[in-house]
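Listed in order, the protein sequences are those of chains V and W.
Position 93 of the first sequence, counted from 1, bears residue number 92 in numbering that gives the first Met the number 0, the numbering being contiguous throughout.
Position 397 of the second sequence, counted from 1, bears residue number 396 in numbering that gives the first Met the number 0, the numbering being contiguous throughout.
You may find that some hints are simply not true.
[Claimed, not checked] Cut-off 25 Å, straight-line C-alpha distance, at most; resulting in silico cross-link-like pairs (SDA-like, lysine to any residue):
| # | chain 1 | residue 1 | chain 2 | residue 2 |
| --- | --- | --- | --- | --- |
| 1 | W | Lys243 | W | Val220 |
| 2 | W | Lys46 | W | Val220 |
| 3 | V | Lys90 | W | Gly132 |
| 4 | W | Lys159 | V | Asp112 |
| 5 | W | Lys124 | V | Lys132 |
| 6 | W | Lys254 | W | Leu300 |
| 7 | V | Lys132 | W | Gly132 |
By construction, these hints were calculated from the structure, which means they are not laboratory data.
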Amino acid sequence: MAIEAPYFEGGISCGFPSPADDFKEDRISLDRELIHDPDATFFARVNGDSMQGAGMDDGDLLVIDRSIEAYDGSIAVCFVDGEFTVKRIKKENDKILLMPENPKYKPIEISGDITLNIWGVVTNIVKRVHKKK
Amino acid sequence: MSYYFLIDCNNFYASSERVFDPSLNDRPVVVLSNNDGCCIARSNEAKALGIPMGAPYFEYKSFFAKHNVVVKSSNYALYGDMSSRVMNILSRYCPEVEIYSIDEAFLLFRGFEHFDLESYAREIKSFVHRATGIPVSIGIAPSKALAKVANRISKKFPDKTGGVYLMDTDTKRTKALNWLKIGDVWGIGSRYAKMLQLQNVRTALDFIELPDDFVRDSMTVVGLRLKHDLMGKPSIQMEEVQNKKGIACTRSFHKDYTEFSELHERIATFASVCGRKLRRQGSDCNLVQVYVRTNPFKEHLPQYGRSVCIKLPYPTNSTLELTKHAVRGLKMIFKKGYHYKKAGIMVMALTPSASKQLNVFQNSDPRHLPLMKAIDRINLLSGFNVVKLGSQDLEREWKMNRNKLSPRYTSKFDDIITVNAHYPKEKTET
Chain V
0 MAIEAPYFEG GISCGFPSPA DDFKEDRISL DRELIHDPDA TFFARVNGDS
50 MQGAGMDDGD LLVIDRSIEA YDGSIAVCFV DGEFTVKRIK KENDKILLMP
100 ENPKYKPIEI SGDITLNIWG VVTNIVKRVH KKK
Chain W
0 MSYYFLIDCN NFYASSERVF DPSLNDRPVV VLSNNDGCCI ARSNEAKALG
50 IPMGAPYFEY KSFFAKHNVV VKSSNYALYG DMSSRVMNIL SRYCPEVEIY
100 SIDEAFLLFR GFEHFDLESY AREIKSFVHR ATGIPVSIGI APSKALAKVA
150 NRISKKFPDK TGGVYLMDTD TKRTKALNWL KIGDVWGIGS RYAKMLQLQN
200 VRTALDFIEL PDDFVRDSMT VVGLRLKHDL MGKPSIQMEE VQNKKGIACT
250 RSFHKDYTEF SELHERIATF ASVCGRKLRR QGSDCNLVQV YVRTNPFKEH
300 LPQYGRSVCI KLPYPTNSTL ELTKHAVRGL KMIFKKGYHY KKAGIMVMAL
350 TPSASKQLNV FQNSDPRHLP LMKAIDRINL LSGFNVVKLG SQDLEREWKM
400 NRNKLSPRYT SKFDDIITVN AHYPKEKTET
C-alpha cells in the first residue's frame, strides 16, 4: 500500500498573524507562583497532625526549597532519628528546638553533639479541598 | 589566561539515593545495572569493602547481606533529574558550561587570573550541596586534562583539599603529574597505557617528556593534543576523548537560531548521530540529555541556558526513539525570544545493547537513510507510530528486573517523600 499525502516543511501558514500575538500574556502558572528555584525545589507529603497549628494537615503537599537557609522560625523538613519530620525551628541559646504546632505534641530538643540535619525549608502548603472521587 | 573547573559529583548514583533516604549515609551502597545484573555504582564505604565495579549481583548476594550493603536497582528517572538540577545550577555560575557526563561538567572561566577562583569553587560546591544534596569535587587548572588531574587530587585527599583543588603553579602541576600513573590519565586507554609502559612511561610526567613526533606517530594527533593539554596549553576538545559514560553531540551554530523548528531539526540530527554511535559500539542508553544556550558573548541580548535529562521508557539505541525523546526534552526547555547559539544532546547511562535487530542500520548503507525518513514521515503524518522497528516495544513496558528500585522521588507524585508530623510517638500525650 502506498501512502500519498502532502507534507509541508515547517507547517502550514493560514492567513495573517493576529496582531494580538504581540500582546499575548502567559497564563497564570502555579509553578511560577509556588516555586522560586526549580532546581532546588522538592515535594513531600505530610503524615500526621503535629503541625496542624501551622495549617498543615495530614496528606497535605509541601513545597520545599533547599536553597533557602533555615532561620529561627522557619518551618523545615529535618531528618531526625532515621526519619523525616516537619517542624518549626526555634533557636534557644545553645540548643535548637523542633517545635510542633499542636498541643498534643512536645518539642524535640537538639543539643550537645547531635547535629541537626535540616533537609529543606517549607515554602508552601498545597491543600486539596475537593476530594477526587 | 583561562581556567577550567572540572566539577564531578561524588558517587553520583549512591549520593542521589541518599538525598531521599539519609539513613543510607555512612552505609555501603551499591547500585545495580538494568535487570539487577551487576554493580555499576558504589559508595565510598562499598569501595572500601573491596566490591569491584561490575561485581555480579548473584555472586555477591551473600557478601552484601553479611556486610549490610544496601543494594539498589538503577533509578534512572531519579539520577537523570538530579543531574539536570546540578547542571542547571552550574550554569548560573558560569556562562560556558560543557556537560561531560551525567555527573561531570567543565566550566570555563576566561581572564579570571586576579579572581579568587578557589573560594568561588567552594561557594559553588557548597550551594550545589545545599540545593540538591549532592556532594561534588572541583578541580581547577589551565586545561581540561589538568582540571581532570586536579579533580582527582581533590577527591583523593578530601581532608587536605576540602573537595576543591586549584592547580595554579608549575610546581603543583609537576608534582601532580609525577604522582599520576599513566593508566589513570584522562583519555589514555588501557592499550595506550600498556604501550607507554613498555616505553618506560610510568607517570603523566614521563608522558609529557616524550618527543612530540613519537606521541603523534604512536597515538595520533589526539594523543599529541592531550600531551599539550597536560603541559598546560589547552588543546583538546572534549569530544575527542573517549567517554565510557556517554556520547555527546554538541554544536555551536554559525548563526543564532530563534525558532523552535530550527533547533528541532538540529536536535533530531544530533539524536541520529548519537544513535549511530551507540549502535556502532553495541550500546543502549537509558537517559538522553538535551541542552540549549544563548551566546554569552552577546551581552546585549537576553541570556538563557538550560538542560534537561529525559529517562527513556526502556534502554534503546534506535534513532527514532532517541529523536522522539530528545525533542520532548527540547520542548521542555525551549523558550521563545532568545537567540540560541549552541545546543547538544548527550546519551547517558549506557548499557550493552539489547536490541540486536537494529543492527541492520549499523553500516552506512545509503538506502537506510531514506527508509528511516520514510518511517518518520508515515509516523508524522498519521500522528502516532504506525511503523515501528521490530525491536520496539509495541506498547509493552520493557520488562526489567528492578526489585530494589527506590521510589521516583522527583518525577511521580505518588513517590514523593513522606514527612512525619507525629514524631515522637512515645511522647504523645493522649
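Hints, one by one, checked against the model:
no.	hint	in the structure
1	W/Lys243 / W/Val220	20 Å, holds
2	W/Lys46 / W/Val220	36 Å, violated
3	V/Lys90 / W/Gly132	23 Å, holds
4	W/Lys159 / V/Asp112	24 Å, holds
5	W/Lys124 / V/Lys132	46 Å, violated
6	W/Lys254 / W/Leu300	14 Å, holds
7	V/Lys132 / W/Gly132	37 Å, violated
Figure legend: structure checked against the earlier numbered hints; hints not met, in rising order: 2, 5, 7.
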